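Q: Protein sequence lines correspond, in order, to chains S and G. For reference, each letter of the first sequence is one residue, going 1 to 395 in the numbering used here. For reference, each letter of the second sequence is one residue, going 1001 to 1395 in the numbering used here.
In case anyone wonders, no lab produced these hints; they're calculated from the structure. This structure is a prediction, so every number in the text was calculated from the model and none was measured. Glycine included, C-beta positions come from ideal geometry on N, C-alpha and C.
Partner residues are not named here, just some residues of chain G that face chain S (Cβ under 10 Å, in silico): (1) Val1163; (2) Leu1191; (3) Ala1198; (4) Leu1242; (5) Thr1247; (6) Arg1250; (7) Ala1264; (8) Asn1275; (9) Gly1277; (10) Val1298; (11) Glu1312; (12) Ala1315.
Simulated restraints, written as ranges between beta carbons of each label pair: (13) G/Asn1148 / S/Asp222: 50 to 58 Å; (14) S/Ala98 / G/Ala1218: 50 to 58 Å; (15) S/Gln204 / G/Thr1139: 29 to 37 Å.
If you want the footprint, here are the derived chain G segments under chain S, 3+ residues with CB under 8 Å: (16) 1122-1136; (17) 1212-1221.
Number of protein chains: 2
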Amino acid sequence: MRTVAVVGTGLIGTSAALALTDRGLHVYLADADLDAARTAASLGAGTTELPDGPVDLAVLAVPPALVGTVLADCQRRGLARRYTDVASVKAGPRAEIAALGLDTVHYIGSHPMAGCECSGPLAARADLFEGRPWVLTPTPDTHTETLNTALELVALCGAMPIVMDAAAHDRAVAMVSHAPQLLSSLVAARLEHADETAIKLSGQGVRDVTRIAASNPAMWVDILSANASAVADILEELAGDLDETVTALRALQAADESERKAGAASIEAVMHRGNTGQARIPGKHGASPTRYETVTVVLGDQPGELGRLFGEVDALGVNIEDVTIEHSTGQQIGRVHLAVSPTSALQLAASLCQQGWSIHKCATPRELGVSSLKGSSIALDRVSPVEHFDRGVLK
Amino acid sequence: MRTVAVVGTGLIGTSAALALTDRGLHVYLADADLDAARTAASLGAGTTELPDGPVDLAVLAVPPALVGTVLADCQRRGLARRYTDVASVKAGPRAEIAALGLDTVHYIGSHPMAGCECSGPLAARADLFEGRPWVLTPTPDTHTETLNTALELVALCGAMPIVMDAAAHDRAVAMVSHAPQLLSSLVAARLEHADETAIKLSGQGVRDVTRIAASNPAMWVDILSANASAVADILEELAGDLDETVTALRALQAADESERKAGAASIEAVMHRGNTGQARIPGKHGASPTRYETVTVVLGDQPGELGRLFGEVDALGVNIEDVTIEHSTGQQIGRVHLAVSPTSALQLAASLCQQGWSIHKCATPRELGVSSLKGSSIALDRVSPVEHFDRGVLK
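Could you build all of it, start to finish, from the sequences and the hints given here?
A: This is how it looks when you write it as structure tokens:
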């Protein structure tokens, strides 16, 4: 693959063009809005000139509702030998392409799972797709060489190809992206008219659940319009669980004890299902979620304190796998949770403690030295998985 | 206040005892389980001896269902001059105390908004409450000196006192804690039987929404049992919005255009309400959410790279306000989002870029130098808030 046409130079199209240009391909840029194509070209994403003959691949980076008509237009003009689109839903465009009777031997649907809260060509980045899943939806019509050309595109963009059926793709994104987005908005919407005092009690839990509720409504209406049925199906299933949960909560207050027990069992059951579902979400790099140990450091809010902490962690040669910072309401205090490998956690906690940091480390009973605890009359099943390092206990 | 009795030496009671002991108060520890009280004492939280006479304050750190009977017992024994409890719901215990005809002049309900996924005395920390809201629920019966004693407790623990009505407190925690917990579980429960391939498409959004779905079901059944009615009310309101959203999604596929438009308007409206609600959640230190600028750094997964980054940021003298790390599926790539003050962002991005880091910085149109962009025929409304630093554009 040497020549690519990118039709639609928004965030996704321009990012793909930048990645391909970086790899030495010749990229032709087109957009219904010539300004957008010129902006992409000025970023180094390619040229706005027309190709002399058919390019190897045309990437249609247009909204889902336009994929069919744009593909028809490009095929009529003989723009490329092969075609793909990168729209965020796949079944609708496929049905439209079939209805239009277009060539489906040299076309394959695709969807890179990347994006950001920004949009437009100036938001584009050559590395937008690096490490991201990129779904390909071939059909029995799709020629193997069409699939291979798309796989080359995905590889050149640094993404991870995943082959899926179009309808399965749409159900999957409804479940892992579109439905969670709407639920996050619905939880946040409850806060719209809440008392100021009630809002003050917000902690990290509700912050995380509602983070994506800050997303752009107009953009999401476009996405949801193209996948409405799959999203509605998921939400209806969830609404069934929600109704059962409300019923169970009401039952918790029943006069009859067996009714109360049934309510408690129902809530515990749905929360266990939540445990199971949550544990299935892939961790870093698509691996199974790794159980890192967490070392928690309490920081004041002195300028540079976070940088100083990381500098010292670095000097200790400990690799930090993940970081979360938890803020407090009302005071200048924060907690930094450092996820590190189980083998590094104790050493890190002890070293930082020696350097004067206030440290808490979640440790296993074995690490706590259960036998010595038993000796001081603490039963094994009461040993909690936390060692309070900065109080010098159990050292 | 010089002497305090802590009745119930779990996570909350022992943490309060540790904080008070650190401040030089004499703390008496009691627990139905003598081992738990002894563990707390061994951590330096106080003594398991009985006080000679009434202490200044008794802190009842027992489950909500036990507050009434434990208060009755303590008052009968004349344990303290004043009493508070720290249970996570307030209306139920108050009703029980009224039904038992107990002294409510020298009692005040309270609830520190703190905790962790751990439990038991060994998980306790003297700083557990630092910077956290601590709700006090006085009634017309409550003597001013009882309120002042509780305020002293809150201050000694480093927390921020918030006075609320008991029922308002219960509605507030239903909204900002209990209902979000259940919704997170319900979203995660959808993933329980999902195809492995579908789960692979999970991104940061669903990860955040479902983080707290990993919580302990049995513990939550206890919490929800004590606040079932308020939580059920919130969930029913949310279920109403959810039903409307499902109806709106179905309408998006209607043959009639005005029906489709109404569906889109309904979805856009609920998402706008979500925007508004989300924006009300207090940011760091209870202030209004500050609009920091985000500088995004792309990391490989070399050991120590994160530490090296923070070390260099520290050397630049830039104060990091918040950090999030976003992981990718399938490849060894991560993005670190550094929130810094708007005045530091450009300098930080430029300096890190010079040092060879791959940087993206979200900038305002003004910072992008809109006039020069206009000069190259890019209309103002197309300027996206991102500058692509490592390509050297717009420098």
